[in-house]
Amino acid sequence: MKPRDTLGQKLAGYGISRRALLKFAAAAATSLALPPGVAPAIAESLSGARRQSLIWLSFQDCTGCLESLTRSDAPGIERLIFDFISLDYQETLMAAAGAAADETLVRAARDNHGKYLLAIDGSVPTAEGGVHSMVGGRTNMDMLAELAEGAAAVLAIGTCAAYGGIPKAAPNPTSAVGIADLVKEKPIVNIPGCPPIPEVLTGVLVNFLTFGRLPDLDDLGRPLAYFGTTIHDQCYRRPYYDQGKFAHSFDDEGARQGWCLFELGCKGPTTRNACASLKWNGGTSFPIQSGHGCLGCSEPDFWDKGSFYTSLSGGEGPPWDAVGGAAAVGLGIGGAAAFAARRSRAAVDRQLAKEWQRDHGATATSKTEEDGP
Amino acid sequence: MTLLDFARGPALYWSTLIMVCGLVWRLAGVALLPFRPDRSAAGPQSRGRVRGALGTIVSRSLPRRTFLARTFATVVVGYAMHLGLLIILLGGAPHILLVAQATGLSWPSLPKGVVALASAVTLVTLVFVLVRRCTHPVLRLLSNFDDFLSIVLTLVPVATGILLAEETVLPYRTLLTWHILSVEAMMIWLPFGKLSHVVFVFAGRAVSGAKLGKRGATT
Amino acid sequence: MDERDPFLNALMGEVRMLLSRLLDDGGPGQIDLMRLPMPPERRQDLQDMLGRGEVEITLDAAGTSLIRETAYAGVWWIEHRDRGGRMVANLIEVAQMPAIVPPTDEEMRASLAALHARDMKEAGR
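Residue numbers (the working numbering), protein chains in the order written: chain D, 40 to 412; chain Z, 4 to 222; chain U, 13 to 137.
These are computed hints drawn from the structure, not numbers from a lab.
It is possible that part of the hints are untrue.
A few chain Z residues that face chain D, going by a derived Cβ cut-off under 8 angstroms, partial list only [stated by the list, open to error]:
| id | residue |
| --- | --- |
| 1 | Val23 |
| 2 | Ala31 |
| 3 | Leu36 |
| 4 | Gly94 |
| 5 | Pro97 |
| 6 | Gln104 |
| 7 | Lys115 |
| 8 | Ala119 |
| 9 | Leu126 |
| 10 | Val130 |
Distance ranges between label pairs, derived from CB positions [said to hold, decoys possible]:
| id | chain 1 | residue 1 | chain 2 | residue 2 | range |
| --- | --- | --- | --- | --- | --- |
| 11 | Z | Leu89 | D | Pro226 | 50 to 56 angstroms |
| 12 | D | Gly374 | Z | Arg143 | 34 to 40 angstroms |
| 13 | Z | Arg54 | D | Trp395 | 32 to 38 angstroms |
| 14 | U | Pro115 | D | Leu256 | 35 to 41 angstroms |
| 15 | D | Asp343 | Z | Leu133 | 37 to 43 angstroms |
| 16 | U | Thr70 | Z | Leu6 | 23 to 29 angstroms |
| 17 | Z | Arg73 | D | Arg384 | 38 to 44 angstroms |
Built from N, CA and C at the ideal position, the CB exists for glycine as well.
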């Protein structure tokens, strides 16, 4: 790696012109919700920036995040960003293996100490000292602690790295946690999603290259520019929700008409992500547009929030045997109360009968209940 | 676990169980009490027990002409609030969905606008009822904590439900959370306070109606 | 959509303000249309309102972009597309000429050097 290279020189070498860079900067400004006037400034600082070193670790993951970020059929302008960074270590993508790969990691971390970005996909298992996921004989916990120490910032890519994701799903056998549960001293940005949207990673990187810091984050550590609104609020089917037009099943008239999928379990109202505006596969579509409700994959613990097909206003239904049990308990308490009332009343009746008999002697043989005191 | 998960999970579970247990308890406690046999002779104008019971359920639900001028507002407000609640509960699409997903029973929903109107009327009447109870000297003297709590616990779900349906003021997630939690608070209180009139109101009228009907008393 | 769409009227008001600022030498200005609630019909209405001028430029850099003068001189409609043909930015730029179009001095000096080298090469032949 030649750290002296500025991106401007490098891009010129690739035949990427100033105008292409300006155009990219305009797109980046739009994507980051920055005023369009800053586009020239973004282009300026990008062309003057040095290539940013990026170390990417894969922990308890399925590699779906990496697939999402590297496999884009239509190579969009955002793919340019991968010319702006130096991906110094990524086990799946790099050619080196074994000891050579380990050496690369050590060298990259040493040469760029304090300056590199640390990207992580996958959660970190903490049970039994973290032995459930190891690379080259070292636990993920160990590697994270060491490499986070020398990083400028940490990117938690995908829901597993951000919040623990599927490995953390109940009963969480490996005691998996997200990055932010272990790394406390460094700025962290969460880019959740299962998988995350490639453009969001691009936007975060552009922000870092341009302004030297992570973008503004929400209370769950996600960039506000992309996670500031719910899917529901950006959804093109929203007018149907407002009109009360819902699909009741996946093959009814409402589904064919493209009505709101709320009743079929869409989690759009409680999910923050940019799917509905940025979309997937080069802006082709997103789940709701393809006829399926949002799973809420960019929210913590989305896997443990009941069925994907249970609506937000509904539930799984009460546990009927527990309800029956509660009714039985109620019957018991009520019955006992009534029984106690009967007993005390019977005692009163006996007492009254005794007094009546005492007062009126043995002449009377019957008593009327109706005219008790 | 977020607050919403809590509201939709354990809170819903336990409030349902407490409500069911409490209602059965209260009903059984009353139903299993010793009934004194009614040995009185049927009066000359006896309508019989059944007719008396049914008649009283209806007649006690209608305003008395004698007092109509004085009670008109109370009657209208009472009816508006209860009908509004009925429309919201049985006509609102999300509520039907809740029942449908829990039990499989489903029926067509009312248009959102109708439910919104009913909610607005209900909210206004509930606020009116609360304010009146706080300001009217006699009512205030008659009221205890139970009365105020019962009104507030009915009012809050309606208010949060309106905001939720319109999706204003606060984020959807927050509104949904507080709507569910407030309903659960109401469910927990329901069997034990004056809200228990949902199961006792007609039963009480029927019992006294049966007694008076047999004797032929004019009620 | 209604001709008197209040949203579009507000947008046109901003265009007017930017143009007046440009004439007072307040520099060029832009409006990012992709971050505004712009369903296709409203976007079309806006395009109709702005009309078409005489100049239209196609920019071929990492995908094709359209730069078109509107009926209002100094107000430009810009659509940036990536190599896949997907729109990545949609702007209204209020300027004498959109900043992306004219070459910089540095680029022209590089061209001059290239031409000079070519002449030298030809002369040496």
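These are the hints, each one checked on the structure:
1. Val23: holds, 4 angstroms
2. Ala31: holds, 3 angstroms
3. Leu36: With Cβ-Cβ at 5 angstroms, under 8 angstroms, it holds.
4. Gly94: Violated. Min distance 11 angstroms.
5. Pro97: Nearest chain D Cβ about 4 angstroms off; hint holds.
6. Gln104: holds, 3 angstroms
7. Lys115: Since chain D brings a Cβ to about 4 angstroms from Lys115 (chain Z), closer than 8 angstroms, the hint holds.
8. Ala119: For Ala119 (chain Z), the interface hint is violated, since the closest Cβ of chain D sits about 10 angstroms away, which is over 8 angstroms.
9. Leu126: Violated, about 19 angstroms.
10. Val130: Hint violated; Val130 (chain Z) Cβ to chain D Cβ min 25 angstroms, cut 8 angstroms.
11. Z:Leu89 to D:Pro226: 50 to 56 angstroms: Hint holds: Cβ distance 54 angstroms, inside 50 to 56 angstroms.
12. D:Gly374 to Z:Arg143: 34 to 40 angstroms: holds, 38 angstroms
13. Z:Arg54 to D:Trp395: 32 to 38 angstroms: holds, 36 angstroms
14. U:Pro115 to D:Leu256: 35 to 41 angstroms: holds, 39 angstroms
15. D:Asp343 to Z:Leu133: 37 to 43 angstroms: Holds - the Cβ-Cβ distance for Asp343 (chain D) and Leu133 (chain Z), about 39 angstroms, lies within 37 to 43 angstroms.
16. U:Thr70 to Z:Leu6: 23 to 29 angstroms: violated, 54 angstroms
17. Z:Arg73 to D:Arg384: 38 to 44 angstroms: holds, 39 angstroms
Hints 4, 8, 9, 10 and 16 from the list above are not met by this structure, while the remaining hints are.
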